[in-house]
Amino acid sequence: MSDAAHAHDDHGHHAHPTGIMRWLTTTNHKDIGSLYLWFSLIMLFTAGSMALLIRSELFEPGMQLMHPDFFNQLTTMHGLIMIFGVIMPAFTGFANWQVPLMIGAPDMAFPRMNNWSFWLLPVAGIMLLGSFWLPGGAVAGGWTMYPPLFIQGGVSYDLTILAVHIMGLSSIMGSINIITTILNMRAPGLTLMKMPMFVWTWLITAYLLIATMPVLAGAVTMLLTDRNFGTHFFNAAGGGDPVMFQHIFWFFGHPEVYILILPAFGIVSQIIPTFSRKPLFGYASMVYATASIAILSFTVWAHHMFAVGMPVAAQLFFMFSTMLIAVPTGVKVFNWVATMWKGSLTFETPMLFAIAFVCLFTIGGFSGLVLAMAPVDIQLQDTYYVVAHFHYVLVSGALFSIFAGIYYWLPKWTGHMYNETLGKTHFWLSVIGMNIVFFPMHFLGLAGMPRRIPDYALQFTEFNQIATVGAFIFGFSQLIFLVLVLKTIKGGAKASDQVWEGAQGLEWTVPSPAPYHTFETAPVVK
Amino acid sequence: MMPHAVSSLLHMEQVNTEDCEGVSAGAFVFQSRPNHSLTHRQQKLVLWSLATVCFVTASGFALLGYWLILPFAGLEIGLLAWALEALRNREGDYETLTIEGDMVVLEWHAGTHGERREMNRQWARVICDCGTSGRNCRLSLSSHGRETKVGQYLSDEARLQLAATLRRKLQA
Amino acid sequence: MKSMWQRAGVMGAVWAASQSALADYAYNLQEPASQVAREVFHLHNLIMLVCVGIFIIVFGMMFYSLIKHRKSVGHKAAHFHENTTVEIIWTIIPFIILVGMAYPAAKVVIEMKDTSNPDMTVKITGYQWKWGYDYLNEGVHFYSTLATPREQIDGTAAKDEHYLLEVDDPMVVPVGKRVRLLITANDVIHSWWVPAFGVKQDGIPGFIRDSWFKADKIGTYRGQCAELCGKDHGFMPIVVKVVSEEDYKAWVAKKKGSAQAAAADNTKTFDVKELVERGEKVYQANCAACHQANGMGLPGVFPAMNGSKVATGPIAAHINIVVHGGRPGTAMVGFTDRLSDAEIAAVVTYERNAWDNKMGDAAQPADIAAARGGAAVAAAPTAQ
Chain A
28 MSDAAHAHDD HGHHAHPTGI MRWLTTTNHK DIGSLYLWFS LIMLFTAGSM ALLIRSELFE
88 PGMQLMHPDF FNQLTTMHGL IMIFGVIMPA FTGFANWQVP LMIGAPDMAF PRMNNWSFWL
148 LPVAGIMLLG SFWLPGGAVA GGWTMYPPLF IQGGVSYDLT ILAVHIMGLS SIMGSINIIT
208 TILNMRAPGL TLMKMPMFVW TWLITAYLLI ATMPVLAGAV TMLLTDRNFG THFFNAAGGG
268 DPVMFQHIFW FFGHPEVYIL ILPAFGIVSQ IIPTFSRKPL FGYASMVYAT ASIAILSFTV
328 WAHHMFAVGM PVAAQLFFMF STMLIAVPTG VKVFNWVATM WKGSLTFETP MLFAIAFVCL
388 FTIGGFSGLV LAMAPVDIQL QDTYYVVAHF HYVLVSGALF SIFAGIYYWL PKWTGHMYNE
448 TLGKTHFWLS VIGMNIVFFP MHFLGLAGMP RRIPDYALQF TEFNQIATVG AFIFGFSQLI
508 FLVLVLKTIK GGAKASDQVW EGAQGLEWTV PSPAPYHTFE TAPVVK
Chain B
587 MMPHAVSSLL HMEQVNTEDC EGVSAGAFVF QSRPNHSLTH RQQKLVLWSL ATVCFVTASG
647 FALLGYWLIL PFAGLEIGLL AWALEALRNR EGDYETLTIE GDMVVLEWHA GTHGERREMN
707 RQWARVICDC GTSGRNCRLS LSSHGRETKV GQYLSDEARL QLAATLRRKL QA
Chain C
22 MKSMWQRAGV MGAVWAASQS ALADYAYNLQ EPASQVAREV FHLHNLIMLV CVGIFIIVFG
82 MMFYSLIKHR KSVGHKAAHF HENTTVEIIW TIIPFIILVG MAYPAAKVVI EMKDTSNPDM
142 TVKITGYQWK WGYDYLNEGV HFYSTLATPR EQIDGTAAKD EHYLLEVDDP MVVPVGKRVR
202 LLITANDVIH SWWVPAFGVK QDGIPGFIRD SWFKADKIGT YRGQCAELCG KDHGFMPIVV
262 KVVSEEDYKA WVAKKKGSAQ AAAADNTKTF DVKELVERGE KVYQANCAAC HQANGMGLPG
322 VFPAMNGSKV ATGPIAAHIN IVVHGGRPGT AMVGFTDRLS DAEIAAVVTY ERNAWDNKMG
382 DAAQPADIAA ARGGAAVAAA PTAQ
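Residue numbers (the working numbering), protein chains in the order written: chain A, 28 to 553; chain B, 587 to 758; chain C, 22 to 405.
Mixed in with the good hints, there may be bad ones.
Said to hold, decoys possible - Just so you have them, the derived chain B footprint on chain A, three or more residues with Cβ under 8 Å:
#: 1; region: 55 to 69
#: 2; region: 245 to 254
#: 3; region: 271 to 280
#: 4; region: 486 to 497
Said to hold, decoys possible - Listed below are the simulated EDC-like cross-link pairs for lysine to aspartate or glutamate, each with C-alpha atoms no more than 20 Å apart in a straight line:
#: 5; chain 1: A; residue 1: K221; chain 2: C; residue 2: E103
#: 6; chain 1: C; residue 1: K180; chain 2: A; residue 2: E489
#: 7; chain 1: C; residue 1: K180; chain 2: A; residue 2: D482
#: 8; chain 1: C; residue 1: K92; chain 2: A; residue 2: E447
#: 9; chain 1: A; residue 1: K369; chain 2: C; residue 2: E301
#: 10; chain 1: C; residue 1: K92; chain 2: A; residue 2: E489
Keep in mind that the hints were calculated from the coordinates and are not lab data. Every residue, glycine too, gets a C-beta built ideally from N, C-alpha and C.
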């Protein structure tokens, strides 16, 4: 607001900031989008290295590399950083880059707020990572922060709560910006039901974020007051209830799961039609399915808590509502397959990742359906089966969609084509590595290996060794991605305006890279 | 409202970046205003739907004794309300630049602020510079040591293009 | 539905059995040893078959399309982009399948939750990091801690067959009896899980939740804590021995005998050497997990015992911390319910005389009994 009101009064002529100041002060949506994506990439390597440490310790029974408490710190930080530092910022980065281009807006609605919401993230990131060097080390109570275990920790626990607050504030500002941009800054003629699916999924994601962030903020604040100010929200001895934390946390946490996957649906829904050379099948039903998933996500939270011991009626309610989510999710998968059906398919790297997404995300969906059955969940809750499940959803789901999106839009962003051979090598190593890591974890969970343990009984050895080998293949193949991105930014074959033969939508009508002549002739949204 | 050189542009900003045989022959008129695709009704719907969800949830937990969610819900909905209000304040914003004969007229309105400034074409200079890689570009007209920004509602790309057009117009 | 469900179970069991030749590569849930676990096993097999079926159909279509409808074989894109009939069909069919799945699942939920008419009741309490068992009908009470020696974990000794799944004092129940479990915890949330019985129930401090099982067969069944409970979450296994009715009675009698012997100890007076010897064992079982066997603790997390102000300060304050617990909110909880007077006396004496702590003084069981009387901060859980 004040951006516009005061800008005209700016009489003095200031030199443009350079170097680091340029990035600290930038309000350009493309700059900020790039910042989000770079932050996310750095965090991906950070939290990924933690995962490799975890897998190294689990290569064989016995404690070889670390103390159990450090192991718990690694699992906790791996989870927190991957969720709040990698997946969420990456999707926000895509939103910053693509939403204005896709809806025909010059920038985000609140460019200065956009700058703040990004720069809060590195602050939170430093607080989280820095806590490894505090007395007692980083948080080790699991990313879900369950009390009373979380009440026991040292000063890093307070710091983590603060970091979660800061990341929450960043998310709220980002979401408000995205909602207002999408709703208010669309080009004339671009009605809601003509918006690209990516824009739709982000609109719904931002709704979910705004609806649930106060719940997270409140939950962690109550942990903070319980820890430091003698309140008894979650302390049974003082009349509180530790299980209520789980209810509150998962009331936020389950919509959060969809916050982490809906933009992925959006990206994939952009890519599959392009490489099928055929419009997205069932656009309207895709929109309705996304909205119903979002609404249902508020009614299923306690399926994370079947082992807590709920009354029969509650168990049945949460079991049924969870199973119901399979219906709109199924509609989405069917629509993607129908989009490919009778298309004219080609298999460039973005399409490969999108196909892998549909296939592997569905495996994660099916294991989710298995876990939805309360009696089966009682056996599998807190085992490696759950670890396998959410990694299929978040690695081959969210992360693969991010890779797909980067390959898809990178030529637009940089003006250069990426190296297709390198891209395909990255794809095949990732998809094979990913399955070697996470598929055996289903069997480990079924056989009875609990999650979050630093050491295990002998019968779990073989599958753990396979998983560790896969983890190193998967982890190191991400270096190919890094090289590819750097090479593409530096140079490469020139990308055409449309980049992809089948690409549709406003963003592709802009020359690549898009600097000087955006929309010389007015685009018309039909 | 203004002499309109631009008609039926289904475009993000109502911008004419080309020479236009406008209403008054020979004049160059450039008008831009931000998009407002959100109606007042929709705006209310957004605010109240989110406020309802947030406050129902927060009050529910507060009734169980977990009241610390409420203040956060209040702060957040406050921020959302402020943002939506800020969008409404922008609704009347526009910017018009007219070059006719030796006269350059720059008129802008943003929120409660506004100005109409006349310059002599011979004295008006185009000032345009960018951060690296063509982003964060500033475009203004300067005369008698005072700068006034133009192209506030454009993307960087469109602003650079406008700069080129203005340079041509002012020299002609 | 019933017959389909059971057929699925049989198919799954046959498939699982055919895999057993592959030693440790287990591909399915553990072999069930109770009715509930068996029903869960079949339910899992059924839902897996449904999922695999749908997967094959949907992705068969997709891969057909990937092969036949590619540009490189000259396929031209069609331009349809909606078909209301098809979309309604593939919304309704999954819904019907789900309703079909919900029915058998709901039946198992109801059975799992029915804890009525037990033959016996055992209260189970989770501690950091051990399990406590109270046989409410028999009055037997004991703790069960990891029996795997430290050397095996550190890799300096060969690991035995039940590495990390063995305890010093297992839970013992008679075969074919409905055992009701009252599960709670003393410090943080734990979860008592024995896969073969299909029981997993979180133990929540301050609350008691119940569950049940009826073991089919005599044997030893192993499980682990399933809820992250801190540093040694991976090192608090559960072992349940299912024995015949006679063996169970004999076990109860033996347990009661050793409880009396322990009670007798509480009235004796020991010399320092005896206390230190006994205290070392108590220390290893109860204290070493945090304060470490060498008494050095973990900097920043768990304080050192060696040279600490507590262990080298006034003995009364030392006893008070061991009995009633340390600062609130820390992992140091009182051992008043967990150790006998003689054991606490022994461990306090050990801590004051081990390593570099050469205090030379000793606590006697009578001192502990006196300390218990004062300012007891009871950690007794209240029923829900």
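Here is how each hint holds up against the structure:
1. 55 to 69: holds (count 3)
2. 245 to 254: holds (count 5)
3. 271 to 280: With 3 residues closer than 8 Å to chain B, the region 271 to 280 of chain A meets the three-residue bar; holds.
4. 486 to 497: Coverage by chain B is violated here, the residue count being 0 at a Cβ distance below 8 Å.
5. K221/A - E103/C: Status holds; Cα separation ~15 Å.
6. K180/C - E489/A: This hinted pair holds, its Cα atoms lying about 15 Å apart.
7. K180/C - D482/A: The hint holds at about 12 Å.
8. K92/C - E447/A: holds, 18 Å
9. K369/A - E301/C: violated, 75 Å
10. K92/C - E489/A: Violated - the C-alpha atoms of E489/A and K92/C are around 43 Å apart, more than 20 Å.
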